[in-house]
Every structure is written in C-alpha cells, then in structure tokens.
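K.L.:
Make a model of the complete structure from these sequences and hints.
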Amino acid sequence: MRSTVIKQMLEDLPEPSEGEEQQDPVPLMDRSCNSKILEKVIEYLTKHQEFDTSSTPQEDKDAWDKKYVEVEDEDLFNLILAANFLDVKDLLDLTCKTVAEYIKQCKTPEEIRQRFNIPNDFTPVNAISFDFFLF
Amino acid sequence: DDSSSAQAEGEETSQANKRSRIEKDKSSEVEASSHPYGVKPLGNLMFEEAENIRTSSLGKLNIFDDMTVIKLLSMLSYQDLNKIASASKALYVFSHNPDVWRNLTLETFGGDFTFTGNWKTTFGTRLLGDKFPGHVPLRVENLFSDVLFSPWMRATMTIRNAWLKRDNIDRRSNLSLEEFVEKYEKPGRPVIITDVIPTRPAQEAWAKETLLRRFGDVKFRVSATVDMTLDRFADYCSKASEERPLYLFDKSFCSSCPEMDKEYSTPIYFQDDLMRLVPAEIRPDYRWLLYGPARSGSSFHVDPNANFAWNALIWGRKKWIFYPPDQVPPGVELTSDGGMQQTEFSLLEWFENYYPQTKEGYRPLECLTTGGELLYVPKGWWHCVLNVDDSLAIATNCVTRYNLLDAVDYLQQASRAQSEYRTDDGDVPTSVIYPSPLLPSRPAVAATTASSCASDASAAAAVAA
Numbered sequence: 006m007r008s009t010v011i012k013q014m015l016e017d018l019p020e021p022s023e024g025e026e027q028q029d030p031v032p033l034m035d036r037s038c039n040s041k042i043l044e045k046v047i048e049y050l051t052k053h054q055e056f057d058t059s060s061t062p063q064e065d066k067d068a069w070d071k072k073y074v075e076v077e078d079e080d081l082f083n084l085i086l087a088a089n090f091l092d093v094k095d096l097l098d099l100t101c102k103t104v105a106e107y108i109k110q111c112k113t114p115e116e117i118r119q120r121f122n123i124p125n126d127f128t129p130v131n132a133i134s135f136d137f138f139l140f
Numbered sequence: 012d013d014s015s016s017a018q019a020e021g022e023e024t025s026q027a028n029k030r031s032r033i034e035k036d037k038s039s040e041v042e043a044s045s046h047p048y049g050v051k052p053l054g055n056l057m058f059e060e061a062e063n064i065r066t067s068s069l070g071k072l073n074i075f076d077d078m079t080v081i082k083l084l085s086m087l088s089y090q091d092l093n094k095i096a097s098a099s100k101a102l103y104v105f106s107h108n109p110d111v112w113r114n115l116t117l118e119t120f121g122g123d124f125t126f127t128g129n130w131k132t133t134f135g136t137r138l139l140g141d142k143f144p145g146h147v148p149l150r151v152e153n154l155f156s157d158v159l160f161s162p163w164m165r166a167t168m169t170i171r172n173a174w175l176k177r178d179n180i181d182r183r184s185n186l187s188l189e190e191f192v193e194k195y196e197k198p199g200r201p202v203i204i205t206d207v208i209p210t211r212p213a214q215e216a217w218a219k220e221t222l223l224r225r226f227g228d229v230k231f232r233v234s235a236t237v238d239m240t241l242d243r244f245a246d247y248c249s250k251a252s253e254e255r256p257l258y259l260f261d262k263s264f265c266s267s268c269p270e271m272d273k274e275y276s277t278p279i280y281f282q283d284d285l286m287r288l289v290p291a292e293i294r295p296d297y298r299w300l301l302y303g304p305a306r307s308g309s310s311f312h313v314d315p316n317a318n319f320a321w322n323a324l325i326w327g328r329k330k331w332i333f334y335p336p337d338q339v340p341p342g343v344e345l346t347s348d349g350g351m352q353q354t355e356f357s358l359l360e361w362f363e364n365y366y367p368q369t370k371e372g373y374r375p376l377e378c379l380t381t382g383g384e385l386l387y388v389p390k391g392w393w394h395c396v397l398n399v400d401d402s403l404a405i406a407t408n409c410v411t412r413y414n415l416l417d418a419v420d421y422l423q424q425a426s427r428a429q430s431e432y433r434t435d436d437g438d439v440p441t442s443v444i445y446p447s448p449l450l451p452s453r454p455a456v457a458a459t460t461a462s463s464c465a466s467d468a469s470a471a472a473a474v475a476a
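Protein chains in written order, with our numbering: chain A, 6 to 140; chain B, 12 to 476.
If you are wondering where the hints come from, they were derived from the structure by calculation, not from laboratory data.
A couple of the hints might just be wrong.
Stated by the list, open to error - Below 30 Å or equal to it, Euclidean Cα-Cα: the simulated DSS-like pairs (lysine-lysine) are: (1) A/K102 x B/K71; (2) B/K71 x A/K41; (3) A/K66 x A/K41.
P.N.:
Pasting the structure below:
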C-alpha cells in the first residue's frame, strides 16, 4: 500500500457488520485532491503496482515516469501536494525532481523568475550587499 | 572533584556555543528581530499589520507549503541554489535554510569539512578555500514562517531547567551483584550506579583534551552517515548551535582505538553477557562510543533484540526519560504492524510540546546523569536521551540469563521478518539519533543484512543457552 495516509484511514474505519461490505467513504480533504489529480495519482499507483509484479526493467519505468510528469505546471504542482498529503513517497520524489530539473534548466536568476512568475523584489540597496551567485 | 570540573568544563563549552541565547518569553517580537535572515514566527501575522511576502515573492511556488519548498531546494546543486537565492527575497531566505547547506556539505564532502559557524560558509570555504567570498546574511522583512523560525529558535535557546529538575531514579553505590539482580535486573527497573566509573585513570585518560591529543586524527562514524576525525568533530561541537546536531555514534571504536578497549572493563553486573558467546562476525552491534554537543541525543526508542543496556557517562550531562514497556510515551506513534515509529519532530520539539504531559497522567522515570555515573536501561523500556552539555559516553547492549529467552525469541522473529529498527549494516538508524529529515539516511559503506545476522545470532544464542 503506497499511500500510508490512505492505509491509515482504511484502518481507522469501523469494522463493517457481518455480511456487509465496507461502505464508509474515505474522506480525502485537501484542495489538491480534486478528481482529476486523484485519477492521475491512481494512474501512477496502478502502473507502479504493475511494474512491481512484472519486474519491469528500470529504464522502462523511468521512461514511463518521464512521460507521466509531462503536464502543465498547475497539475504538476497539485500532484506534488497530493503526493505529499497522501504520503506517496515515490511520487513525491518524482514530481519534486521534475520541478528541480526545470530550475536547473534556467541559466540565470531572471530565467528562474520568468519560469515561475517570481518578482524581483530586491531593492537596489539589497543588490549591492549581495554576495550570492559569486560561486 | 573530577566529575564537577568536567561538568564545569561542559558548561563553559556549552555557553561558548550559544551565540544568541534567548530565554523564551511571551514577547516573540524580541526573538523575531534576532533571526539572522529576519524571519518571524507565523503567529506574528496576527498582530503585525503586514502581509507575508511569501505570497508574492515565491511566485507560482507559493502554492507549496514551507517544507515542500525546502524539499525542492534541497534537490538542487549549490550553483542552482545560489541562482534561485538571487531570484527573490523569499527564495533568498528559503535557500539559506541551514539544513539544505548541511545536507550539501555532508553529501559532497562527507566528514571532511571544518565547521565555520554556519553551513553555507562551511560549504563555501571547503569548496573554495580563500577564494570563497564569504557570506553576510541579508535580513528580509515580513517573511513569516514557523518552519524557518522555530528550528533556529530551538537551536539557540537554552535548555530549560524545568525539563531537568525531575530526578527520580535510584542512585546506588556499593551495590552487590545479588542486590542488583534482585532489585533491578529481574524486575526490570532502571538504576544509576555511581561508583563503577573510576575517577582515575579512565576519566583522565578520556578527558576531552587528552582524547583529542591521543586520537584526534582517528575517524569515527557520525550520525550514521559520515565519518569524521575526532578533531573535526570536537571543533564542530564547540562552534555549532543546532536544533538537531550531528552526533558521533560509533560501534567500531574498540577496533579503531584498541587502547580504549583496554582502558575500560565491564562492571560485574554485566559480565555474564551471553552475547559474547556469539561469534564476533555475526553478533549484532552491541557497543558504541557516544559523543555529542548540547541538544544532540536519541529520540524515544526501545533497544532492539530484547537486550538491556548500560550507559557509562564519562563527562557531560544527559537528561533521560523512561517509560515502561507497556506505556507508549506521549508523541510517539506505533506503526500499524507494531513496529516502532520514530517521531518526526526533534527532541527539543518533543520537550517543548510533550514534556508538560509528563506532569499529568502517567509519570515517567527521569534523571540527569553527570560524569562518572552509569545508568542501567532495562530491556523493553522506552527511553529518550538529551545531551544537556557536550557529553562522552559508552553504551553497551547485553543479554544475561535473565533476558536470554526473550532475546532468542526476538532474534528468531527478526530472522523471519525484515527488522524495521536496524539499517542494513546494523548501525543505529538516523531516525533514532534524530538528525534533520533532510540528511541522507544511508552511510556510504556496504552492508551485511540484519536478518542474516539475526538468524545466525539466534541459533548461536540458543546453543549458548
């Protein structure tokens, strides 16, 4: 069970009475967990379950993962939040590394700003005393 | 009196450690203005007429909570970290989070660094030597964050006397073996024995300056992940003021320093250690040299393999809290399969948030051991340990006839299931000796599996029985 949060929630549910199936819904309360993102998380979990049972080679897994994260920023960021909330470590690492890769592709601070809509809120005075970016 | 001079030395050192010692008081304004990058606690937003700059200053990244931002930044190279630090004020402050630079330092250089007071300059100096341009923290206004503020506050505040006062574990001297067995070992009660660590020669030969002279360039395992020379580690201890300090926790000290092995002997109470009958190459780790600065320590755990332990404190001070086997300490969660779940928060955080619970409800056993005192930790008991000053100790796990059957049972079970407690090479996992969650959890060395050790050891222990 890759999501420890869901696992915990399932365990916390009361036992169904004899003969009945587990009916109680598991509440997932986090704004990132809309149905679109949840489906995407389930897609990841299902696929990696398949990988595990059929001993897929690592390079194939990596290739699938790479395509999986080719989504818009908004979805990628919500995936990070969902993976964090549901405590799916592999997915969290994958999605965070993807964003780290985007940062890496930016050659300058200005490119980073443009990529992520970050304002340059330093004052000219700040800029004089800065020692960063010197190494 | 050697133990009090060692104590005074410890106190001096720990006072020299603290650059901005702040007693926590009601007015967080005082504290807030002192954070090196100007960060203020989240609660301040309620009474300050200001907006949290992170909303604008993080751009699209504002969707992420503080921990996730730090997680992202911790995946960057130092060059990318410097770039993103230049992007905006909020990113500048997040990028200078000490955990991130500590992680970079340890991953890049292992234990081969000289701590200079903060991790960024430590990294930069190690990387560039004289060519490192230095780092002067820029204070930013209106950045509110508990994730950034609280660790700094816990790193610099003094350890409260209120946490240290309760001391209700028996102290004994002239304790016969028979009385120890009947009163403490069989019923499983902790006890402090005050007359087994000789004042001379062990405490003199192992005084801090002496140890540095003798073994300064010997490497020891630190925080289960890097190896540092004793010189460098002692230097780190004298300069660092961290919420989750590095902790020297070395299981091989008797092979790296054979003289140390000869300079201490097992007290009579523990000489009947049946684990010595297990061949050395498969015996689980059982003795450690422990050296840590103030605030280092071990979060709540139960010693594995149903062993008991004795902890001989040579110099320093350790605060201990004990809960009996059937009483899970406040703040500790057990995983659903019954395994131990280490708390995510630091020892200091535990003290801040949970220590008050020890006053109502279940009362734990507590003590503050000082140099020259040896503590017996009965099997199965939950305990946590906080180094109040720089401290040096030896800890040993053993099995005598009184816990042999439990130990054999445990090992037989462990050989069938993957042990959650041990890392592959049998070393104490970092989750117990609580470094930052960002620290890499695997040491660089290759390992033998705990479960194969466990099955061999259980077979051998059964033979010994």
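K.L.:
Can you give the numbers of the hints that this structure goes against, from lowest to highest?
P.N.:
none
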